[in-house]
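Undergrad: Take a look at the letters that make up each chain.
Protein chains: 2
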Amino acid sequence: MNKSLVLGIDIGGTNTKFGVVDSHGEILAQGSIITCETDDPHHFINRLDQALKPLFDKFNHENFIGIGVGAPNGNFYTGTIEMAPNLKWRGVVPLVSLIENKFKLKTVLTNDANAAAIGEMIYGHAKGMKNFIVITLGTGLGSGIVVNGELVYGHTGFAGELGHVTVMPEGRLCDGGRKGCLETYASATGIVKTVKDLLKDSSETSSLRKIEEKDLRSKHITEAALQGDAIALKAYDYTAAILGRALTDFVVFSSPEAIFLFGGLAQAKDVLFKPTKNYFENNLMNVFKNTVKLLPSGLPESDAAILGSAALIAKTNRI
Amino acid sequence: MNKSLVLGIDIGGTNTKFGVVDSHGEILAQGSIITCETDDPHHFINRLDQALKPLFDKFNHENFIGIGVGAPNGNFYTGTIEMAPNLKWRGVVPLVSLIENKFKLKTVLTNDANAAAIGEMIYGHAKGMKNFIVITLGTGLGSGIVVNGELVYGHTGFAGELGHVTVMPEGRLCDGGRKGCLETYASATGIVKTVKDLLKDSSETSSLRKIEEKDLRSKHITEAALQGDAIALKAYDYTAAILGRALTDFVVFSSPEAIFLFGGLAQAKDVLFKPTKNYFENNLMNVFKNTVKLLPSGLPESDAAILGSAALIAKTNRI
Numbered sequence: 016m017n018k019s020l021v022l023g024i025d026i027g028g029t030n031t032k033f034g035v036v037d038s039h040g041e042i043l044a045q046g047s048i049i050t051c052e053t054d055d056p057h058h059f060i061n062r063l064d065q066a067l068k069p070l071f072d073k074f075n076h077e078n079f080i081g082i083g084v085g086a087p088n089g090n091f092y093t094g095t096i097e098m099a100p101n102l103k104w105r106g107v108v109p110l111v112s113l114i115e116n117k118f119k120l121k122t123v124l125t126n127d128a129n130a131a132a133i134g135e136m137i138y139g140h141a142k143g144m145k146n147f148i149v150i151t152l153g154t155g156l157g158s159g160i161v162v163n164g165e166l167v168y169g170h171t172g173f174a175g176e177l178g179h180v181t182v183m184p185e186g187r188l189c190d191g192g193r194k195g196c197l198e199t200y201a202s203a204t205g206i207v208k209t210v211k212d213l214l215k216d217s218s219e220t221s222s223l224r225k226i227e228e229k230d231l232r233s234k235h236i237t238e239a240a241l242q243g244d245a246i247a248l249k250a251y252d253y254t255a256a257i258l259g260r261a262l263t264d265f266v267v268f269s270s271p272e273a274i275f276l277f278g279g280l281a282q283a284k285d286v287l288f289k290p291t292k293n294y295f296e297n298n299l300m301n302v303f304k305n306t307v308k309l310l311p312s313g314l315p316e317s318d319a320a321i322l323g324s325a326a327l328i329a330k331t332n333r334i
Numbered sequence: 016m017n018k019s020l021v022l023g024i025d026i027g028g029t030n031t032k033f034g035v036v037d038s039h040g041e042i043l044a045q046g047s048i049i050t051c052e053t054d055d056p057h058h059f060i061n062r063l064d065q066a067l068k069p070l071f072d073k074f075n076h077e078n079f080i081g082i083g084v085g086a087p088n089g090n091f092y093t094g095t096i097e098m099a100p101n102l103k104w105r106g107v108v109p110l111v112s113l114i115e116n117k118f119k120l121k122t123v124l125t126n127d128a129n130a131a132a133i134g135e136m137i138y139g140h141a142k143g144m145k146n147f148i149v150i151t152l153g154t155g156l157g158s159g160i161v162v163n164g165e166l167v168y169g170h171t172g173f174a175g176e177l178g179h180v181t182v183m184p185e186g187r188l189c190d191g192g193r194k195g196c197l198e199t200y201a202s203a204t205g206i207v208k209t210v211k212d213l214l215k216d217s218s219e220t221s222s223l224r225k226i227e228e229k230d231l232r233s234k235h236i237t238e239a240a241l242q243g244d245a246i247a248l249k250a251y252d253y254t255a256a257i258l259g260r261a262l263t264d265f266v267v268f269s270s271p272e273a274i275f276l277f278g279g280l281a282q283a284k285d286v287l288f289k290p291t292k293n294y295f296e297n298n299l300m301n302v303f304k305n306t307v308k309l310l311p312s313g314l315p316e317s318d319a320a321i322l323g324s325a326a327l328i329a330k331t332n333r334i
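Order-wise, the sequence lines are chains A and B.
With the first sequence counted from 1, adding 15 to any position gets you our numbering.
With the second sequence counted from 1, adding 15 to any position gets you our numbering.
Only chain A is shown next, with the shape it has when bound in the complex (with noise of 0.2 Å):
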């Protein structure tokens, strides 16, 4: 076998998953472990490492030619983790360096939507594409941006923070104390929000009232959308409404050829898509009106954290 494969780690909140990723973009084994059994991020590099040395055997650690991690405030420049809300590692967590010291392998970092996004570039529908916006709809609002073939990671690093963008001036609490940003609107968090809102104010009869308020989760809205429910479907599109105007703001920023809607509240597809696209058409400029497709993910839900983080190293390396 050549020297031709990667390791793509995707460290999420709860579980951190890993595969082994070949040239084609084929996932040939996986699997998970739990990221924060404690606040030690040495003790969650020796339980990487346990679980990693079967895979290493296996392939031969020799084929490999690095590992792409995808993580929560992954920083591409300085290889660090910082201030990740959902993890309970503390500090600048050097992610990169435990990495590459442990296992021996050169290793990438950035977050979870920069790696979506390199993805969709490398195995995905963004294939030849030089200017696009991934837009992750998940707890909140990710995004990754690429301009001129290369990924916007910015001065700091943490360019493509569009979940943040002003879309409301006094509009809901965002973490930090910022007020109205996109990600307390189109998100999964925020369309739950939208429902409980609407049921309030209205007497309408929606299926979602037979679920308790503390259980309520955007899945059961996306169900209940997908089968005509009025409440369900209002909520997706005062969503799109939201999202659908901020999408016409990016692309004057960029003028992208594509804009990828992927996570949870993209497989609601054509009960988002649909209105999303209408409102983003009728207030675009004219200068970039049907300049830009509103296009699914090219990536099976399951396998793309996996393969966004792989994509890293396969950029890097053009294999």
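Hint data in this document are derived by calculation from the structure and do not stem from the laboratory.
There's no promise every hint is true.
To list a few chain A residues with every Cβ distance to chain B over 12 Å, as calculated [said to hold, decoys possible]: (1) Asn17; (2) Lys32; (3) Ile49; (4) Lys117; (5) Ser158; (6) Lys208; (7) Arg232; (8) Lys234; (9) Leu248; (10) Lys249; (11) Pro271.
Using 20 Å as the maximum straight-line C-alpha spacing, the simulated DMTMM-like pairs for lysine to aspartate or glutamate come out as follows [stated by the list, open to error]: (12) A/Lys215 to A/Asp230; (13) B/Lys32 to B/Asp64; (14) B/Lys292 to B/Glu272; (15) A/Lys103 to A/Glu77; (16) B/Lys304 to A/Glu97; (17) A/Lys308 to A/Glu272; (18) A/Lys215 to A/Asp252; (19) B/Lys194 to A/Glu296; (20) B/Lys145 to A/Asp230; (21) A/Lys234 to A/Asp252; (22) A/Lys117 to A/Glu77; (23) B/Lys18 to B/Glu115; (24) A/Lys145 to B/Glu165; (25) A/Lys208 to A/Glu185; (26) A/Lys304 to B/Asp190; (27) B/Lys304 to A/Asp190; (28) A/Lys249 to A/Asp216; (29) A/Lys304 to B/Glu97; (30) A/Lys225 to A/Glu238; (31) B/Lys284 to B/Glu238; (32) A/Lys194 to B/Glu185; (33) A/Lys117 to A/Asp64; (34) A/Lys73 to A/Asp37; (35) B/Lys194 to A/Glu185; (36) B/Lys119 to B/Asp64; (37) A/Lys18 to A/Asp54; (38) A/Lys194 to B/Glu296; (39) B/Lys249 to B/Glu272; (40) A/Lys249 to A/Glu238.
All C-beta atoms in this analysis are idealised placements derived from N, C-alpha and C, irrespective of residue type, glycine included.
Once you've looked at the hints, dock chain B against the given chain A.
TA: Then chain B, alone, in the frame of chain A:
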């Protein structure tokens, strides 16, 4: 003399300025003609030819490496000007091929704000910066964005239209029927409208009441503000609040090292910069606080248009 001269041409709605620029960014000679005597661009090219002939004779045509052109709606990719609202020319004007055919020199075209950004990078205060944004506060609001050391043209060539991000969903009417675009507030036109509103809504004394409404210009407001006029200062504060908050959205996109403010309103110096910096820093996401410099341009206002246009060629040829 080495082959090291560039001709910079800045096409404005009224006048077209041009200058001969050497490799140190010195303007050796300059001049101007009226842009649109007729709606025929060939007529413009012939008049330009007459005006440039003495310069090509004096500095020797052989010493020129190219011509850089900044123009409203100038498209870098296609070399054309299309639908420029302030020019009489109609349809698609193939400006680069018209100029190249006439003057037999490699020609590069982009819009005036993009030219200003390249000018800042080659001759101004952005030397050595890889990520920055130039905002021109003129009649409208233009912008040029540099990411990873390259100007952002995007898929269409029209990226960087930051005057058209939405800052007030139901705000002031903009060209083309959109509402609440940034440039309807943060521009010469915008601040004049703000002052007119303030004068109507209050009975506060102001030197600006002496000027007939139809004659009020932003320079009057800047002069009044610099002399402590309360209405003028309020108008600048209102402008700064909207601009400062909008800049925070640009930071989450590309995490620039600096944002340069340029053009008429920037002449107010501290009257604009101080409140804008306050609103900007107070509204920034924590991760970006104290990472972005807000700076005046390093190019002299009178030379900037020619230097910016010339820089288009200088950058390509790295002279």
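Undergrad: Evaluate each hint against the coordinates.
TA: Results for each hint:
The claim that A/Asn17 is not at the interface with chain B holds, since no C-beta of that chain comes within 12 Å of its own (minimum 31 Å). Non-interface call for A/Lys32 relative to chain B: holds, since the shortest CB-CB distance, roughly 25 Å, exceeds 12 Å. With a cut of 12 Å on Cβ distances, A/Ile49 stays outside the contact zone with chain B, its closest approach being about 27 Å. Every CB of chain B lies more than 12 Å from the CB of A/Lys117, the least distance being 28 Å, so the non-interface label holds.
Annotated as non-interface, A/Ser158 brings its C-beta within 12 Å of a C-beta of chain B; the closest such distance is 9 Å. Distance check on A/Lys208: its Cβ is at least 19 Å (rounded) from any Cβ of chain B, clearing the 12 Å threshold; non-interface status holds. With a least CB separation of 27 Å from chain B, A/Arg232 remains clear of the 12 Å interface cut-off, as annotated. For A/Lys234, the requirement that its beta carbon stay farther than 12 Å from each beta carbon of chain B is met, with the minimum near 28 Å.
For A/Leu248, the non-interface assignment is confirmed: its Cβ lies about 22 Å from the closest Cβ of chain B, beyond the 12 Å cut-off. For A/Lys249, the non-interface assignment is confirmed: its Cβ lies about 19 Å from the closest Cβ of chain B, beyond the 12 Å cut-off. Not every CB of chain B lies more than 12 Å from the CB of A/Pro271, the least distance being 6 Å, so the non-interface label is violated. The straight-line distance between the Cα atoms of A/Lys215 and A/Asp230 is roughly 16 Å, inside the 20 Å bound, and the hint therefore holds.
A hinted pair counts as satisfied when its Cα atoms are at most 20 Å apart, and B/Lys32 with B/Asp64 qualifies at roughly 13 Å. A hinted pair counts as satisfied when its Cα atoms are at most 20 Å apart, and B/Lys292 with B/Glu272 qualifies at roughly 14 Å. Between A/Lys103 and A/Glu77 the CA atoms are separated by roughly 33 Å; this puts the pair beyond 20 Å, and the hint is violated. At most 20 Å may separate the alpha-carbon atoms for a hinted pair to count; B/Lys304 and A/Glu97 meet this at roughly 15 Å.
Proximity of A/Lys308 to A/Glu272 is assessed by CA-CA distance (about 6 Å); at most 20 Å being required, the pair is judged to hold. The hinted pair formed by A/Lys215 and A/Asp252 meets the criterion: a straight-line CA distance of about 17 Å does not exceed 20 Å. Using a Cα cut-off of 20 Å, the hinted pair B/Lys194 and A/Glu296 holds, with the two alpha carbons roughly 15 Å apart. Taking the CA atoms of B/Lys145 and A/Asp230, the gap is near 47 Å; set against the 20 Å cutoff, the hint is violated.
Between A/Lys234 and A/Asp252 the CA atoms are separated by roughly 16 Å; this keeps the pair inside 20 Å, and the hint holds. With a C-alpha separation of about 15 Å, the suggested pairing of A/Lys117 with A/Glu77 holds against the 20 Å cut-off. Taking the CA atoms of B/Lys18 and B/Glu115, the gap is about 18 Å. The hint holds against a cut of 20 Å. Taking the CA atoms of A/Lys145 and B/Glu165, the gap is about 13 Å. The hint holds against a cut of 20 Å.
A threshold of 20 Å between alpha carbons decides the hint, and for A/Lys208 with A/Glu185 the separation of about 16 Å falls inside it, so the pair holds. For the suggested pair A/Lys304 and B/Asp190, the alpha carbons sit about 15 Å apart, so the restraint of at most 20 Å is met. For the proposed pair B/Lys304 and A/Asp190, the alpha carbon gap of about 15 Å is at most 20 Å, so the pair holds. Taken as a hint, the A/Lys249 and A/Asp216 pair is honoured in the structure, with Cα atoms around 12 Å apart against an allowance of 20 Å.
The suggested pairing of A/Lys304 with B/Glu97 holds, with an alpha-carbon distance near 15 Å, which does not exceed 20 Å. Between the alpha carbons of A/Lys225 and A/Glu238 the distance comes to roughly 14 Å, so the proposed pair stays at or under 20 Å and holds. The suggested pairing of B/Lys284 with B/Glu238 holds, with an alpha-carbon distance near 11 Å, which does not exceed 20 Å. A hinted pair counts as satisfied when its Cα atoms are at most 20 Å apart, and A/Lys194 with B/Glu185 qualifies at roughly 18 Å.
Using a Cα cut-off of 20 Å, the hinted pair A/Lys117 and A/Asp64 holds, with the two alpha carbons roughly 8 Å apart. In summary, the hint linking A/Lys73 to A/Asp37 is supported, as the alpha carbons are separated by about 14 Å, within the 20 Å threshold. The straight-line distance between the Cα atoms of B/Lys194 and A/Glu185 is roughly 18 Å, inside the 20 Å bound, and the hint therefore holds. This hinted pair checks out: B/Lys119 and B/Asp64 have alpha carbons roughly 12 Å apart, not beyond 20 Å.
For the hint pairing A/Lys18 with A/Asp54, the CA-to-CA distance comes to about 35 Å; that exceeds 20 Å, so the pair is violated. Of the pairs offered as hints, the one joining A/Lys194 and B/Glu296 holds, with about 15 Å between alpha carbons and a cut-off of 20 Å not exceeded. Between B/Lys249 and B/Glu272 the alpha-carbon distance is near 29 Å, which puts this suggested pair outside the 20 Å criterion. Of the pairs offered as hints, the one joining A/Lys249 and A/Glu238 holds, with about 14 Å between alpha carbons and a cut-off of 20 Å not exceeded.
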